[in-house]
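Top line first, the protein sequences correspond to chains A and B.
If you read the first sequence in my numbering, its first letter stands for residue 1406, the second for the next number, and so on.
If you read the second sequence in my numbering, its first letter stands for residue 118, the second for the next number, and so on.
If you're looking for bench data, these hints aren't it; they were derived computationally from the structure.
Just so you know, these numbers come straight off a predicted model, no measurement behind them.
Restricting the straight-line Cα-Cα distance to at most 25 angstroms, the calculated cross-link-like pairs of lysine-lysine (PhoX-like) are:
| no. | chain 1 | residue 1 | chain 2 | residue 2 |
| --- | --- | --- | --- | --- |
| 1 | A | 1490 | A | 1501 |
| 2 | B | 146 | B | 188 |
| 3 | B | 306 | B | 399 |
| 4 | B | 146 | A | 1408 |
| 5 | A | 1551 | B | 306 |
| 6 | A | 1408 | B | 159 |
Only part of the chain A face toward chain B is listed, based on derived beta-carbon distances under 10 angstroms:
| no. | residue |
| --- | --- |
| 7 | 1450 |
| 8 | 1468 |
| 9 | 1512 |
No residue lacks a Cβ here, since even glycine has one placed at the ideal position from N, Cα and C.
As a plain string of letters, each chain reads:
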Amino acid sequence: MAKHQIQVTVNGATHQAEVESRLLLVHLIRETLRLTGTHIGCDTSHCGACTVLLDDQPVKSCTVLAVQADGSQIRTVEGLEQGGKLHPIQEGFTEKHGLQCGYCTPGMLMTSTALLERNKNPSELEIRTAISGNLCRCTGYVNIVKAVQYAAEKMR
Amino acid sequence: MIPAAFDYHRPGSLDEAVGLLARHGDQAKVLSGGMSLLPLLKLRLASVAHLVDIGHIPGLDYIKEEGGMLKIGGATRQVALERSEIVRSRYPILLDTVLLIADPLVRNRGTVAGNVANGDPANDHPATMIALGATLVARGRKGERTIPVNQFYQGIFSTALAPDEILTEIRIPTPPARSGGAYFKVKRKVGDYAAAAAAVQITLGKGGEFERAGIALTNAGPTPLEATEAQRYLVGKMPEPAVIAEAARIAAAKGSPSADLRGSVEYKREVSRVLVARALRKAVERAGGH
Chain A
1406 MAKHQIQVTV NGATHQAEVE SRLLLVHLIR ETLRLTGTHI GCDTSHCGAC
1456 TVLLDDQPVK SCTVLAVQAD GSQIRTVEGL EQGGKLHPIQ EGFTEKHGLQ
1506 CGYCTPGMLM TSTALLERNK NPSELEIRTA ISGNLCRCTG YVNIVKAVQY
1556 AAEKMR
Chain B
118 MIPAAFDYHR PGSLDEAVGL LARHGDQAKV LSGGMSLLPL LKLRLASVAH
168 LVDIGHIPGL DYIKEEGGML KIGGATRQVA LERSEIVRSR YPILLDTVLL
218 IADPLVRNRG TVAGNVANGD PANDHPATMI ALGATLVARG RKGERTIPVN
268 QFYQGIFSTA LAPDEILTEI RIPTPPARSG GAYFKVKRKV GDYAAAAAAV
318 QITLGKGGEF ERAGIALTNA GPTPLEATEA QRYLVGKMPE PAVIAEAARI
368 AAAKGSPSAD LRGSVEYKRE VSRVLVARAL RKAVERAGGH
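Let the hints inform the model, and build the full structure from the sequences given.
Put into structure tokens, the structure is as follows:
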């Protein structure tokens, strides 16, 4: 089976990789690039733990082929912090107790980041709709919503 | 989970894509958003030797009104439909439908035409396209042809598309004045397929009577189901409660859903009936008929 030479920019750094057709984007990120902040949860495109931003859109990276991401800009949870300073969304999750076990958190952070980049003042319903493809197994949604609201205020 | 090995192809043009499909026959599948196909491959419920990715072919991503039709390009993502001003202002049934599909992250990748061409009776756009009287444009080795969507579905995962054909465009006739539509779906949670769902698109005549009615059901049998008898029953009648109730009864009786974790056959048929009635009332309201 043919291999493919691809180039992706992840959190601002350009990477070249030779990938098998069937390699999933989440495996490229976690295993080839060793960015293990992105989690694998259900592995069936339901839970959203693997959410990354692909050209600024949140997508489930367990259901994208690495080769499909060739030429794309990717952002993962590792890219949120800048110069030792937490992103407002990370600060929000800290301040508002937006996580319990933390498994869904990288996905929640990336989906919320994309929401706030598109909508500076989302309503509670818009936040809940935006994260409806990200499951929190601790059911901590109330505080996740508060965390996003905190970040929205901070970013305005 | 890792899919079985396959070769990935990224054609730069439709001709090249059709050539690849023709060469590999039933060993090849079209990859677009991949939101249905990739999970199938990962779960190894399907395997394929060649994936032909149409996601990089220029000119397949658009939503436009032209020549009395709304045209949706073959690689247009669900999210584009959801954010389209044309759709939001003039095609409420499409907005209803797209917002009930999967979840926002899946809609960022999945395509409208992929949902239509997949052939799974649980997909939502097929019923809506049937209610709207859409036509599908397919491109293959022999050129281009059009297929009325209500002649497209032949069985579970079986459609009128030949192995070398790609669905390149969906054409929806622009509804005349005093038209309205709606899509209602009952599902257990975000991301679930329908326990039952109903698409309705109607046009009212000068006297306020039903002039045209398109009704179709999701997940009510091996293919999306056009409720032809209920459609015929409505034409010429006034949108009164008893008429709507009878049309909903006729439409739901045609369904042959299967029992599963989403409910029994009786439950699903009853939900279908309720949803057809709700969609009819909403469609009439949107058509300005109250």
